[in-house]
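As they're listed, the protein sequences go chains A and B.
Numbering-wise, the first sequence is residues 0 to 469 according to numbering that gives the first Met the number 0.
Numbering-wise, the second sequence is residues 0 to 335 according to numbering that gives the first Met the number 0.
For the record, the hints were derived by calculation from the structure and aren't laboratory data.
Where a beta carbon is used, it is the ideal one built from N, C-alpha and C, also for glycine.
A couple of the hints might just be wrong.
Said to hold, decoys possible - Simulated pairs of lysine-lysine, DSSO-like, Cα-Cα distance not exceeding 30 Å:
#  : chain 1 : residue 1 : chain 2 : residue 2
1  : A       : K55       : B       : K267
2  : B       : K175      : A       : K31
3  : B       : K84       : A       : K55
4  : B       : K248      : A       : K31
5  : A       : K442      : B       : K24
6  : A       : K58       : A       : K39
7  : A       : K44       : A       : K271
8  : B       : K91       : B       : K133
9  : B       : K334      : A       : K44
10 : A       : K271      : B       : K253
11 : A       : K271      : B       : K335
12 : B       : K47       : A       : K271
13 : B       : K122      : A       : K436
14 : B       : K175      : A       : K169
15 : A       : K54       : B       : K305
16 : A       : K39       : B       : K184
17 : B       : K137      : B       : K74
18 : B       : K137      : B       : K227
19 : B       : K271      : A       : K442
20 : B       : K122      : B       : K74
21 : B       : K31       : A       : K271
22 : B       : K235      : B       : K74
23 : A       : K442      : B       : K74
24 : B       : K29       : B       : K199
25 : A       : K55       : B       : K24
26 : A       : K271      : A       : K169
27 : B       : K175      : A       : K44
28 : B       : K137      : A       : K271
29 : B       : K271      : B       : K175
30 : B       : K253      : A       : K169
31 : B       : K253      : A       : K12
Stated by the list, open to error - Simulated restraints on C-beta separations:
#  : chain 1 : residue 1 : chain 2 : residue 2 : range
32 : B       : E176      : A       : E32       : 42 to 50 Å
33 : A       : E32       : B       : T37       : 47 to 55 Å
34 : A       : E280      : B       : T60       : 56 to 64 Å
35 : A       : R467      : B       : T17       : 22 to 30 Å
36 : B       : V268      : A       : R195      : 25 to 33 Å
37 : B       : D233      : A       : L297      : 20 to 28 Å
38 : A       : P282      : B       : T222      : 53 to 61 Å
39 : B       : A28       : A       : R467      : 31 to 39 Å
As a plain string of letters, each chain reads:
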Amino acid sequence: MTNRNQILELANKFRWGLGGNLHDALMESIFKEASDIAHKVVITKNEKGAFSFDKKLDKIVTNRWTGFPIMFILLAIVFWLTVQGANYPSNVLSNLLVGELPHILKNFALSINLPHWVAGLFIDGGYLAMAWVISVMLPPMAIFFPLFTLLEDFGYLPRVAFNMDNLFRKAGAHGKQALTMSMGFGCNAAGVVAARIIDSPRERLIAIITNNFSLCNGRWPTQILIATIFIGGLVPAQIAGLVSAGAVVGVAVFGVFLSLVTSWGLSRTVLKGEASTFNLELPPYRPPRILQTLYTSLMDRTLIVLWRAVVFAFPAGLVIWLISNLTVGDVSLADYFINWTNPFALFIGLNGIILLAYVVAIPANEIVIPTILMLTVVHFGLTGVGAGAGVMFDTSSIDATKQLLEVGGWTVLTGVNLMIFTLLHNPCSTTLFTIYKETGSLKWTVFSAIYPIIMGFTLCFLVAQVWRIF
Amino acid sequence: MNPVESLIIFSLIVASLTVIFLPRKGLLAKWKHTIRSTERVLIEDALKHLYDREYNQLGCTLQSIAGNLEINSDKATNLVERLEKLGLINSKDGKLSLTPKGRSYALRVIRVHRLWEKYLSEKTGVPEIDWHDKAEWKEHELTPEQADDLAASIGNPLFDPHGDPIPTSDGRIPRKEGVPLSSLKEGNAARIIHIEDEPKAVYAQLLALDLHLGSQIIMIENTRERIKFESDGDEKVLAPIFAANVTVKLFERKTDVQKNFITLSNLKVGEKGTVLKISNALRGQERRRLMDFGIVPGAEIAVEMKSPSGDPTAYLIRDAIIAFRKNQSDHIFIKK
């Protein structure tokens, strides 16, 4: 026994002599052994040919003068293809799912004598919200993500991260956040998932929390509509289109700016203690597997959209129908909420209808505008427009929308603040759910939800007060 | 409400929230500080101070306790009486010393303190300058069992990130080694084995000079006014009083001294080098990731290209192209 203790004693004594770098030394010897073995047994063919093509391409795409223009042109092409390409299928889907099918379903419900409220709740409420989300979201997603995946498959996206890293480093973030942000312009939930490519814990959390500042697919239509009506309306008709498009791009750029500022703040305050590392692999270029990419990315996105529409949008539709149709003493739940929040909402330059629309549209931001239109008609008791309490609708023209909103008391300030609030509010429930799954932390999920709302309210408040002074 | 009035009220709210929540100086932080200064904390801090003086072979008095704990001498007198009653210290002619019971208690506290500093350095992104303050709180919170779990989770480290030995769970600790940097003679070559983290202002200065454990020092000029030396190939100047806070160990063999090494960030596009070492400035996950990519002593590394804005730079290492930032390549040493 004493012998054993003596040995342990001796071992302990030597242990102190090892110093702190034992693990480094171990690692070094393992690498040395491995490379010695590799040198002996692995024969490398001359692969200079393939390598030199990569080098030439890298010289062009990471060049000081050509790198950034190439990047912006490629991204612009992706966005342009998405917007243009989604137009036609979106209209077809909308005509079919939102226009035709509800009639057929309603007629069928009548023929089997379904009670009025059941048809209303499930067809006008749940089904319509689901159809709306599918028709707005599916086509752009099905175009944007395959294009993006092709660029990634080719090996170009890591070069974008390489080019952009300096800017993101200054904001305390990772260059790959440029990619997750771009994905966020398609869908924030996809952007949050994409943050997996960042292997540094702090930078990954930053990318996840700030992804909401990328204006997603579900929010672009709202921005474009409101900008056309209120910003475009301020200037002569010839330049209205240009000015309102500029306003929308301005909001998106403002979002990118806020995302960088927030990253900077987070990395220096609440996330200061998270571990941080940096490395960026630049894989060799390879021809993209076009058909495979198209197939998998189309299937993946289609499934996500459909899943989201069923799991989140359908219940939202039920809620929308219920709050407009359930009454307590002759006043609908919606009207209660609108009257209750109006003083606060009007004070910060919004209105109760907008707040209610954003509460019920937490599951899907695509239905904000139809919900606002429906609530405006119902709340002000307008006749001749709309499709009834709890039934979302879209007007036939932008002018009709404008008239309707003006009846609802909207001013240019309301329009501007709605654009701000559309950028700065809680992420949709799909995104929140994804954030929870990706971070595994309730704390960061709640933070990601509350932080943009506080920002949105504060900014709307400030804009409203300054607006009123002038 | 009048918009101007509401803007004024808004700024008042923002101002008062700042006053309450400001880190360190805010009301909330101060309140937290007061409620944590319990008797247990005072006792443990006093024992730690006594142990520290003993380890460095310095005497300890009532005044030094009062000064170290930032309490007035009345309170210090009470505290010393309490410590004596608990059988933790002896007092003789105004000189205070630890009893064996007191020493083992002090070592337990020091063990948690140094383990926590090691944990912060390996597993978190907390900056060096904040390690000590955070560990000052944590040391009063963990039980010995929790400390053992913590030690196991970070691979039972022997030294804290400042180079201080971590006492074992049965209270063992090796004797102090090395000499102060200020005592080196011109031409002497040595390696940094300890950097004192108190007082904070001095430590901040040493950090600003980019001195780390393991850095190779060659003394160039040592006078009463200033100390000029080369640290990992870079010339630096310190006041002697600052240099006394750095402990070094002389090289035993001349061959241990490495010459003419430069940082990876000094290489230009197209140039090649062999890795000599990764500075201890890169630690924890970051260090391990670098080693995962094969950046270990002896590895060949070539500069492939620079980002359009100059940072990061892409390197060819073991047939893969990987980009690192300048603040990393500044801390990787190579030989051309």
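Assessment of proposed distance window 22 to 30 Å (beta carbons of R467 (chain A), T17 (chain B)): 26 Å, holds
Taking 30 Å as the top limit, are the C-alpha atoms of K271 (chain A) and K169 (chain A) close enough? 14 Å, holds
Is the hinted pair K122 (chain B) and K436 (chain A) satisfied, with a Cα-Cα distance of at most 30 Å? 22 Å, holds
Assessment of proposed distance window 42 to 50 Å (beta carbons of E176 (chain B), E32 (chain A)): 32 Å, violated
Straight-line alpha-carbon gap K58 (chain A) to K39 (chain A), limit 30 Å: 34 Å, violated
Is K91 (chain B) close enough to K133 (chain B), meaning Cα to Cα at most 30 Å? 34 Å, violated
Under the criterion that the straight-line Cα-Cα distance not exceed 30 Å, is the pair K137 (chain B), K74 (chain B) satisfied? 24 Å, holds
Regarding the pair K55 (chain A) and K24 (chain B), is the alpha-carbon distance no greater than 30 Å? Violated: K55 (chain A) and K24 (chain B) sit about 55 Å apart, past 30 Å.
Given hint K253 (chain B) paired with K271 (chain A) - CA-CA distance at most 30 Å: Status violated; Cα separation ~42 Å.
Given a hinted range of 31 to 39 Å, is it respected by the beta-carbon distance of A28 (chain B) and R467 (chain A)? Hint holds: Cβ distance 37 Å, inside 31 to 39 Å.
Measure nothing beyond the straight line between the CA atoms of K271 (chain B) and K442 (chain A); if it is 30 Å or shorter, mark the hint as holding. Given pair K271 (chain B), K442 (chain A) is violated - Cα atoms ~47 Å apart, limit 30 Å.
Distance restraint between K137 (chain B) and K227 (chain B), which requires alpha-carbon spacing of 30 Å or less: 38 Å, violated
Hints 2, 3, 6, 7, 8, 10, 11, 14, 16, 18, 19, 20, 22, 23, 25, 27, 29, 30, 32 and 37 from the earlier list are contradicted by this structure; the remaining hints agree with it.
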